[in-house]
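**Student:** Modelling step: build the complete structure from the supplied sequences, incorporating the hints.
Chain by chain, the residues:
Number of protein chains: 2
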Amino acid sequence: MEKKITLGIFGFGCVGQGLYNVLHHTKGINATIKKICIKHKYKKRPIDASFFTTDRNVLLNDPEIDVIVELIDDVPAAYEIVKTALKKKKAVVSANKKMIAEHFEELLQLQAENKVSFLYEASCCASIPIIRNLEEYYDNELLNSVEGILNGSTNYILTHIFQHNKSFEKALKEAQELGFAESDPRLDVEGYDAKYKLMIILVHAFGIVLHPGDVFNYGIQHLNDFDIRYAKEKNMTIKLIAKCRKVGNRVYALCMPKFVPVSDTLNKVNYEYNGLILEGAFSETQFFMGKGAGGNSTGSAVLSDISALTYDYKYEYKKMDQHLNYKYSNDHILEVFVRHNGKDVINPNDFESISVRYASSEYSYIIGKINLQQLISMKWLTSREINVILTENNT
Amino acid sequence: MEKKITLGIFGFGCVGQGLYNVLHHTKGINATIKKICIKHKYKKRPIDASFFTTDRNVLLNDPEIDVIVELIDDVPAAYEIVKTALKKKKAVVSANKKMIAEHFEELLQLQAENKVSFLYEASCCASIPIIRNLEEYYDNELLNSVEGILNGSTNYILTHIFQHNKSFEKALKEAQELGFAESDPRLDVEGYDAKYKLMIILVHAFGIVLHPGDVFNYGIQHLNDFDIRYAKEKNMTIKLIAKCRKVGNRVYALCMPKFVPVSDTLNKVNYEYNGLILEGAFSETQFFMGKGAGGNSTGSAVLSDISALTYDYKYEYKKMDQHLNYKYSNDHILEVFVRHNGKDVINPNDFESISVRYASSEYSYIIGKINLQQLISMKWLTSREINVILTENNT
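For the protein sequence lines, the chains are A and B, in the order given. Sequential numbering from 6 applies to the first sequence in the numbering used here. Sequential numbering from 6 applies to the second sequence in the numbering used here.
Keep in mind the hints are simulated off the structure, nothing from the lab. What you are looking at is a predicted structure, and each value in this text was computed from that prediction instead of being measured. One should not assume that every hint holds.
Stretch by stretch, here's where chain A covers chain B in the computed footprint (C-beta under 8 Å, at least three residues) [claimed, not checked]: (1) 21-31; (2) 127-140; (3) 300-309.
Cut-off 20 Å, straight-line C-alpha distance, at most; resulting in silico cross-link-like pairs (PhoX-like, lysine-lysine) [what the hints assert, rightly or not]: (4) A/Lys319 - B/Lys8; (5) A/Lys319 - A/Lys9; (6) B/Lys103 - B/Lys88; (7) A/Lys273 - B/Lys273; (8) A/Lys8 - B/Lys319; (9) A/Lys319 - B/Lys319.
Positions of the beta carbon are idealized from the N, C-alpha and C atoms, including for glycine.
**Tutor:** Here it is, written out as structure tokens:
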């Protein structure tokens, strides 16, 4: 049943190196690395120089290499590599959430056309086996929702704000210094990274393929001391959550900050950890938590995908095959807290209803219900004076 | 790829009924129930009488029924049913941890001989997909340990003791009244139930098949107010934990109460929930939490197994095939707290070392290191005056 596979690896950062070490130290996995494609020829490497090349075609044109492992940052290059590999009927393992989210439809088609496997567990919450679980275990579950903390960098920042009384700016700076946030933190802080992961989850949870523009993401970049104090006074924290939920036959999704009561399960997820809550009609809730980033966590997911390929594993995309006819729609009423500076840019008529109005010389806020598709069209979303946070009352 | 399967179900309690409802309300699963074998012929049933029989052979001899779902309490009867079904080359789904743990070797052999699938996700922490994850996702992980809270009834009792300041007796009584503990609570309270689950985990985590007598279980039945107060003073709780861990090429396992610091991940698992921490060399720790008992949680796991059978899924028992040569051994040093009444039954020479001796007119205790196999042979384990609790220092 198990077969031997030969790997060509793109990228030799900490994941690639960890992978090399594990493959050379475990008997359990029937895979060997033949060649590694790197960018910088003259960097010093811990293993023999004969493994390396800077020419991608050396890997892609080698008929002995049957699996390509793509572990590079460069999205356009990763896309070209994955596309070419699939067309050459090589199986592919990737951790590149942005690339996958941006090209999902085409990547699905390439898999089908070439009858070849494309696995990407590491792209989604690193070591948490969420895709495999949705694919294999929850395939016939009447799944209602997946909600979680999918970005470790912002969670690290928010944990420092709430557990160590730091301002957003200070916590962000420290996270950058420690390598938990990129030097350009926009992908993380503005919720794009979490959204890409959510898009991958949507395919395996509900069979829905979207474009990044279809899903609303609003990050934590406007968070200020007023918002933080408000949360603390109510015995809550703020978490950047990503969720998709089925309501009848419609599914909505979003990535936004949310007030989370201190006792809530999501508040068990701190620092660089990710956590996911799956709610099924039948299994009630399942909670998964693990490190959402880092070489080892990502490496373990990549390793599992490689191992699965020795058994010819493929995602079946069963939710798509089941013709569940779920329709994606942003037509969903949310309850939000909107902090503003009182200068009338917010039109109450955009809201379904407003339950709280607070005004002070410092900051003001309203709490009200608004349709998600209405919210998405609001010009004031980009204003730094305004911050939007889901209340704890959104299920 | 997907095939249609026809089910014969043994037992029609809440799991069986939930299953019936789900199978009749979801399009996702290609399975129909043909016959249900029950014990009491004249009980009123919510579905048509033609579904029922009291004769097990009606199901076992029906060539159209290709999958037997065994959901009964009676261990010897369940064993006979499962054995017969496998011999008749029918796939089997079971939730019966005691039956499986007691007959593991034979059940493995029957699966191999008859080339037929036997799935039992529901037997182990109900809805938490632990077996499937160990089998599929951690198959090549350098897994170090699995530790967790595997019994919902005792966890419910312990949560009430520590969060609501109840005595053991009062918490047990209330749990029984609410149906969270059996009227004969020995299986739960003395750690047998958790041990059976642990034995199933041992097979899928390390490829080790044992007999129940091989693994030490010591429950919470001796817990008294002194122990509880001790834990609280140290800002800890007590949890009944089950664990198996690899140390070099040896694996040990046990089921015992343990002092758990309030901030520990295991303290996130409360009331009837189960939680598991998987520690890998590469993925660091993964945490899974979900309801460990109840009709819906068990039903969702059974449903997932049925669904897997429509894709001809089998456990591969990869850890056994990998010839990992892990040896099971109770030769492992533990640090334990032993509360006693000062009457000299405890011989210090049985310990490797003793670090704390406390004596008072009420109760006394020692904290010391003892070899697990030595501990197992201690006559005083059964004394109600003595309680043994793992300290927080055991990794």
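**Student:** Need the list of violated hint numbers for this structure, in ascending order.
**Tutor:** As far as the earlier hints go, not one is violated by this structure.
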